[in-house]
Amino acid sequence: MKINDIPVIETDVLVIGGGTAGPMAAVTAKEQDPSLNVMLLEKANVKRSGAICMGMDGLNNAVVPGHATPEQYVKEITIANDGIVHQPALMAYATRSFPMIEKLDSWGVHFQKDETGDYDMKKVHHLGTYVLPMPEGHNVKKILYRRLRRNRVQIENRFTATRLLKDPDGKIAGMIGVNTRTAEPIIIRAKAVIMATGAAGRLGLPTSGYLFGTYENPANNGDGHAMAYHAGADLANLECYQINPLLKDYNGPACAYVTGPLGGFTANAFGERFIECDYWSGQMMLEFFKELESGTGPVFLKLDHLAEETISEIETVLHTNERPSRGRFHEGRDVNYRESMVEMHISEVGFCSGHSASGVWTDETGATTVPGLYCAGDMASVAHNYMLGAFVYGQICGESAVEFVKSRSEPKLDEDFINKELERIQAPMKLTDGIPPEQMEYKVRRLVNDYLQPPKVTKKMEIGLERILAVRADLPQLCARDPHELLRAMEVQSIIDCAEMAARASLYRTESRWGLYHYRVDYPEQNDSEWFYHSRLFKDDNGEMASGKRPIADYLVPLGEEKDAYRKMRVQKAANE
Amino acid sequence: MPIANHHSSVPVIVDEEKCIADKGCTVCIDVCPLDVLWINEETGKAHMKYDECWYCMPCEADCPTDAVTVNIPYLLR
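Residue numbers (our numbering), protein chains in the order written: chain A, 1 to 577; chain B, 1001 to 1077.
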């Protein structure tokens, strides 16, 4: 099958990924200009896709007037991310965060309010107050879906994008992909593309060994990161991994945002608090990791000291919203929050700006370094963005894309590139024997665990990179028996790309930063004189993976005397103890 | 390289008495983010064809006849 056998679909704005940021981007583009054709492409089904397919139990970084200012927020996240942030992008989020809450509220998303009708903000962060619970957050996807229909966004479910298309002049021109149920290719010509494909969550292997037991929705496997890379976009700070504190063996978040405000905390084996602040930062994770490995480990979620009604409230939120199978997991092991602490562990590694800062480089307009290509949500590089950041940057990208389309001429398609990509898509199903995607995926993710997860050691990472490249060399043997396996075969190629990126980015930054996220044992100190930069990762003119530095934009908000607050995570014992 | 099949105990169970996939219902199949539920061509009912589950539960929550149960995968249990 060649390009001439496939009808080319035309649209003005194409959104890839229908989870959180994607629907908001598509709706915004239509709100801005209802005459535009806006298409939303989703690998699964937009009704139940992405990180919040079952809903969300709270906003982790809400900047609500009366509780915090945008300046305070920008300062806190800059400190939490060891200075390596693009403050203009954080500020754009911070100033638009409250109008977005009001917009979502008007759409019917319920946030917790106190007896006076004010938003019921909770303090979880080290310095300020930014957490807004949403105990009825299970209906978010339904509300988004209704908005998509109402605004007449054209939805294409069960297509996975495999490569972005570019004009001869370097502007974005659309994408090519494949149907996950029929293996039929799809070519879309678009004047602007917004990518919202989520985290690269299938990078490390969960300790259970179950490939799909990841913290992130496993559909978020880094396709967007790989596509952006191949399209020539910059990626940023990929060595700043996502690593989260989770229940041992169960991929639900454990403590900070739901249980923290109600009195639960992270404890060691003796039930003692050892971290000052449960907000997820690299510095907190480093203390978590040290405790886990120490004689007072492992680490537990402690709730057994709380009153019955508090525990019931926690259970209601945790067992009905974001990860509702959690109750079933505890039941199976006969674990009850009332009777004992619950063992915790750290997640596999991934790329996710929602929680850390790694992703496709994105400025305060949602723009990447490829003209006409925008990114939002967990795949974009704006630090600590979480769900509300996905909504805000979805909105920003929707606006920017509409603006870009106004002066955009008809994109030209590169037939040679498309024909090569069609060959890559069709290759795995042409083989009758070879290596199934599952085995290749297990192998590369096991290598990520063995060699790339922190503590990072130079020689180990070099060996890991070599072994990952050896898996890449096996790609001609990758085979798929049916269209579903073909989906996995395309995904594993993105996973290999992300694994190579993780290795190279981690080797490039010869210092330690972000606590556990880039804890490099042979370069244990943070070195601001050489490394107060974003790291870049990009495809160079020879098609090779290359690294470089991007200067930090001038701060809009100075850090002042609180600049080291996140370095003081460990609970200090009294001198007379 | 030749390929072998290997057995796997899957987490999602469909009660075939209750399932109405043979009458045209595809709710659980539509909502699965990982596309692992398919029609069993022998019975016409939904079943878990691929052991790639996130135990996220839309299939169970959205099933109109309560036919679907999501268990925790054995490796995690």
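The hints are simulated quantities; they were obtained by calculation from the structure and are not laboratory data. Computed from a predicted structure; not experimentally measured. One or more hints might be untrue.
[Claimed, not checked] What follows is a list of derived Cβ distance ranges for each label pair:
{"id": "1", "chain 1": "A", "residue 1": "V335", "chain 2": "B", "residue 2": "G1044", "range": "37 to 43 Å"}
{"id": "2", "chain 1": "A", "residue 1": "Q426", "chain 2": "B", "residue 2": "T1026", "range": "23 to 29 Å"}
{"id": "3", "chain 1": "B", "residue 1": "A1004", "chain 2": "A", "residue 2": "T182", "range": "41 to 47 Å"}
[What the hints assert, rightly or not] Calculated Cβ distances over 10 Å to all of chain A for the following chain B residues:
{"id": "4", "residue": "D1015"}
{"id": "5", "residue": "K1023"}
{"id": "6", "residue": "D1030"}
{"id": "7", "residue": "N1040"}
{"id": "8", "residue": "E1041"}
{"id": "9", "residue": "T1043"}
{"id": "10", "residue": "G1044"}
{"id": "11", "residue": "K1045"}
{"id": "12", "residue": "E1052"}
{"id": "13", "residue": "D1062"}
{"id": "14", "residue": "T1065"}
{"id": "15", "residue": "D1066"}
{"id": "16", "residue": "N1071"}
{"id": "17", "residue": "P1073"}
{"id": "18", "residue": "R1077"}
[Stated by the list, open to error] Covered by chain B, according to a simulated footprint, are these stretches of chain A (three or more residues, beta-carbon under 8 Å):
{"id": "19", "region": "36-49"}
{"id": "20", "region": "272-284"}
Using N, Cα and C, we set each Cβ at its ideal position, and we do this for glycine too.
Each hint, compared with the structure:
no.	hint	in the structure
1	A:V335 x B:G1044: 37 to 43 Å	39 Å, holds
2	A:Q426 x B:T1026: 23 to 29 Å	27 Å, holds
3	B:A1004 x A:T182: 41 to 47 Å	27 Å, violated
4	D1015	17 Å, holds
5	K1023	20 Å, holds
6	D1030	5 Å, violated
7	N1040	15 Å, holds
8	E1041	13 Å, holds
9	T1043	19 Å, holds
10	G1044	18 Å, holds
11	K1045	18 Å, holds
12	E1052	5 Å, violated
13	D1062	7 Å, violated
14	T1065	18 Å, holds
15	D1066	15 Å, holds
16	N1071	7 Å, violated
17	P1073	5 Å, violated
18	R1077	5 Å, violated
19	36-49	holds (count 5)
20	272-284	violated (count 0)
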